[in-house]
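Q: Sequence:
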Amino acid sequence: IQSNLRMALSIGRVYELEKEMDSVFSGLFGANWKEVNKAAVMKCDKATLTNLVLSAVRVLGKSKETLQSAAMSYEALTEEVMLHQNSVMELQDKLLKSKTEQMEAVQTTVKSEIRSFSDVVKKGCEERITATQVKAAVKSAVKDDDRRRAVMLFGLEESANEVVQDT
Numbered sequence: 011i012q013s014n015l016r017m018a019l020s021i022g023r024v025y026e027l028e029k030e031m032d033s034v035f036s037g038l039f040g041a042n043w044k045e046v047n048k049a050a051v052m053k054c055d056k057a058t059l060t061n062l063v064l065s066a067v068r069v070l071g072k073s074k075e076t077l078q079s080a081a082m083s084y085e086a087l088t089e090e091v092m093l094h095q096n097s098v099m100e101l102q103d104k105l106l107k108s109k110t111e112q113m114e115a116v117q118t119t120v121k122s123e124i125r126s127f128s129d130v131v132k133k134g135c136e137e138r139i140t141a142t143q144v145k146a147a148v149k150s151a152v153k154d155d156d157r158r159r160a161v162m163l164f165g166l167e168e169s170a171n172e173v174v175q176d177t
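Residues 11 to 177 (the numbering used here) make up the sequence shown, in order.
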């Protein structure tokens, strides 16, 4: 559509008409069309007036064609803009629906993960770790490790008769 419109209507064509109109008036009256008055026209002879009328008819005809082309271009561009606006609105609607679905999915995931984490914490608190389980875990870790690393347990109470070795 746009390339056809450019061929039918160009700003250069409008400027050409303007120059032609200025040329007609300045050639006949020595002034532009805004300065022509009744007294100037009354001074013209029949041949000059005939040339003026013919030139004016030619310029008016070209101007009419240019205006018609401009009107058609305007209508076509208006329709194209409306089509693009509808397309933009449809895409915005799709984007909004997609974002809503994503938000609902995130909310569902967050709710389920909070419940899962809560359940894990509750189960973890219900079971007490005994000293024998800790000792077995430490012995297992010491066997697997190369004894160069120290194992530290936080939150385990020390008893008074416990032997602590510094390494």
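I should point out that these hints are in silico values taken from the structure, not numbers from a laboratory.
Just so we're clear, the structure is a prediction, and the values are computed from it rather than from any experiment.
Please note: incorrect hints may appear among the correct ones.
Distance condition first, Cα-Cα at most 16 Å in a straight line; then the derived EDC-like pairs of lysine to aspartate or glutamate [what the hints assert, rightly or not]:
1) K72 / E30
2) K74 / E114
3) K44 / E30
4) K72 / E111
5) K72 / E26
6) K145 / E168
7) K44 / D32
8) K145 / E172
9) K74 / E26
10) K72 / D32
11) K44 / D55
12) K145 / E123
Q: Hints first: check each against the structure and report whether it holds.
A: Going down the list of hints, with the structure as the test:
For the proposed pair K72 and E30, the alpha carbon gap of about 10 Å is at most 16 Å, so the pair holds. As the CA atoms of K74 and E114 are separated by approximately 60 Å, the hinted pair breaks the 16 Å bound. Simply put, K44 and E30 have alpha-carbon atoms about 15 Å apart, close enough for the 16 Å limit, and the pair holds. A C-alpha spacing of about 58 Å is found between K72 and E111, which places the hinted pair above 16 Å, so the restraint is violated.
Our distance criterion of 16 Å between C-alpha atoms is met by K72 and E26, whose separation comes to about 10 Å. Annotation: proposed proximity of K145 to E168 holds, straight-line Cα distance about 13 Å (limit 16 Å). For a cut-off of 16 Å, the pair hint linking K44 to D32 stands: about 10 Å separates their Cα positions. Straight-line distance between C-alpha atoms of K145 and E172 comes to about 13 Å, which keeps the hinted pair within the 16 Å bound.
The suggested pairing of K74 with E26 holds, with an alpha-carbon distance near 14 Å, which does not exceed 16 Å. The hinted pair formed by K72 and D32 meets the criterion: a straight-line CA distance of about 14 Å does not exceed 16 Å. A threshold of 16 Å between alpha carbons decides the hint, and for K44 with D55 the separation of about 21 Å lies outside it, so the pair is violated. A threshold of 16 Å between alpha carbons decides the hint, and for K145 with E123 the separation of about 33 Å lies outside it, so the pair is violated.
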